[in-house]
Amino acid sequence: MEINNKIIKLLDDLRERTPLVHQITNYVTVNDCANITLAIGGSPVMADDINEVLEMVSLSSSLVINIGTLNSRSVESMIKAGKRANELKIPVILDPVGAGATSYRTEVCKRIISEVRLAVIRGNLSEIKTIYGIDTITRGVDASESFDVSGDEFTKTKEMARKFAVKFVTVVAITGEVDIITDGKILYTTSNGHKMMSRVTGTGCMCTAVIGCYLGAGENNLIAALAGVVSMGIAGETAYERLDKKIEGSGTFRMKMIDVMYNLCEVEINKRSKINEE
Amino acid sequence: MEINNKIIKLLDDLRERTPLVHQITNYVTVNDCANITLAIGGSPVMADDINEVLEMVSLSSSLVINIGTLNSRSVESMIKAGKRANELKIPVILDPVGAGATSYRTEVCKRIISEVRLAVIRGNLSEIKTIYGIDTITRGVDASESFDVSGDEFTKTKEMARKFAVKFVTVVAITGEVDIITDGKILYTTSNGHKMMSRVTGTGCMCTAVIGCYLGAGENNLIAALAGVVSMGIAGETAYERLDKKIEGSGTFRMKMIDVMYNLCEVEINKRSKINEE
Amino acid sequence: MEINNKIIKLLDDLRERTPLVHQITNYVTVNDCANITLAIGGSPVMADDINEVLEMVSLSSSLVINIGTLNSRSVESMIKAGKRANELKIPVILDPVGAGATSYRTEVCKRIISEVRLAVIRGNLSEIKTIYGIDTITRGVDASESFDVSGDEFTKTKEMARKFAVKFVTVVAITGEVDIITDGKILYTTSNGHKMMSRVTGTGCMCTAVIGCYLGAGENNLIAALAGVVSMGIAGETAYERLDKKIEGSGTFRMKMIDVMYNLCEVEINKRSKINEE
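Heads up: the sequence lines are chains A, B and C, in that order.
Heads up, the first sequence is in the working numbering, so the first residue is 585 and it goes up one at a time.
Heads up, the second sequence is in the working numbering, so the first residue is 585 and it goes up one at a time.
Heads up, the third sequence is in the working numbering, so the first residue is 585 and it goes up one at a time.
A couple of the hints might just be wrong.
[As the list claims (entries may be wrong)] Footprint (simulated), chain B over chain C, 3 or more residues, beta carbon under 8 Å:
id : stretch
1  : 619-628
2  : 633-647
3  : 840-850
Bear in mind the hints are in silico, worked out from the structure with no lab data behind them.
Glycine included, C-beta positions come from ideal geometry on N, C-alpha and C.
Using the sequences and the hints, build the whole thing.
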């Protein structure tokens, strides 16, 4: 399948180039983000101080902004680093964790989007709806509106995703039971992954970090976003299959996801990827 | 056993309600706290910025305050969120990590206790003694005076626990080789767990997070505290039994504790819980 | 072998004394640093607030300063704690994470070195070269110039290490494929470890934490640095051997390193250590 070949090529490039991925992120899942970055073949650097983010981002192949535990100090660093990345044509991805849960998060997201040109935004449905300006309910940072993957609602969601991408001139990746990835023109839906991923903190953040790695390895933001979502989904579903359900749970599952990402290869991608193009 | 049934009922409610548990905590064990919250069936949100804690706590079913890596910024957020939780009748639990090790920690604990009405305080013996005003030695944040579980000393400790609960109008859970949980009237002692838990950072913090989940699922603070302590103890002792002692150590042990919490069920609680009521 | 006996003796002392190791470190790998400290037998305390570092370091057997995610607030705490440690003759180890990647990191390292007397500095080759004043390239915080372990280049590197130790009146540990540990007079090279360690975040930080534990257990800074490097190397190579390479990767590898450290013993050290004295 042609699209798989593009993902596989990008993964090969990633592993050859080991892009430095600068991540200004939260202190809850930062270790997992660093380890998943290393697992797939990138090189993470987590610097957030205003005194050094300009230099650090200049060395980097991509920039990940994640507002999971935002504060006034880190927000300034995010904006400053994002603007410099734009000047240097370094792609930037935003993870709007919990947008809608508090007005502070929503406002910070809007500010970042207005001041920084984003290659990709990855979030769950309620976060993306909030940013788009649709009334929705974000419950904390993990829970999310679920997709109704059949019928009208799903069609509307895809339409919203396209409009979102056009409005903000970016690629948007909405992840959930089914994922939607679009640049406003081409739209992919993917259905890898497993629902147990929602029982481990940071699977969304890790997905964003993995997209950040792919962004640092190539030129095509849409394929990078798709590759990240599919890679993370394969990691989740494969890890789930390898669990001894009688005694293993979310602790082992988390570790095995990182193992699968470490061993991700052409064979697995061809065997498992479930991608539809519309 | 009647008390087991209460715990089992609360666990069922927890899993049905998936309470949002707002945690203002430390950056050392925050990931473990989020993952143990998800493992038992809660939904964690770790927001600590003064600009959003009021809104975040308002969405939540309970609030966990953990001073493990306190600083002047986070302390203000703790107090502010705690007061709002009180207004909204959302239960608050305090983990006074390292109280007594430095005067700053002791003073912050006293300030929180004086300004926020606490549903539960969970700490080790030296932390609780410090707050109560008894001269003791807190060595860092992990080590603690051990219990002398026989004879006069233990009787005195239980008496102190009752007085502590009455003085501060709260439930107190003192965890160690034997655990004491009391609201000043009813007092439970429990002896689940394994001493290897002290070789993994954050088992105390995780216990507090689990109590936070139970607090968010029901109305009875004493049973919530007991359920949390027993659940964490069962996780520890079961994980220990499942270790291949020749080659596995504290790394695998930590992961297996989360696995056990994920799979915790009626059968395990009935089989393992060791609770005495006095 | 005499040197192994010194390491084994120090490990025994460590486990008997369970030194309290105060660590002012980064939020990426802090949990791993705490867990590796507990695994080898130390007691970690991660306090960084200016209001309490003086008291906390006074209770401690050693102080670890790690600039992985430095900021203006934590830098002041590092300096203040370091000076107090000096007054109290508590050994201090510096991990100059990413020195050279940004000028802020380089300057902070220089400031710490000028204001605090260091027992040990542990870094990779580019970090150490940067501090010494040799032009080099530090790419992020993980990557490092690799050693050319044969011929002239290696001889020059060892010479630089000796001069570094003399210039800064400290023990220096340069870790990489081959490690160099010297106080300026005696120089050890060691070659334990496995290259997969670079695919897990924080193996350098953990090595520094382990040296911190050994520093808190004895009087000989050179042997403490050597013991820490060799212990971490043994953890890495043993964990690698125990991997099921078909399905396990960096997630399992990380956990197994902590397991090996937990079970580290005389037999393993005698069987595995690869130390040369020059």
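Hint check:
Only residues whose C-beta sits within less than 8 Å of a C-beta in chain B count toward coverage, and the stretch 619-628 of chain C has 5 of them, enough to reach three; the restraint holds. Counting residues of the stretch 633-647 of chain C whose beta-carbon sits less than 8 Å from any beta-carbon of chain B gives 7, enough to reach three: the coverage restraint holds. Here the stretch 840-850 of chain C counts 8 residues with a CB under 8 Å from a CB of chain B, which clears the bar of 3, and the coverage holds.
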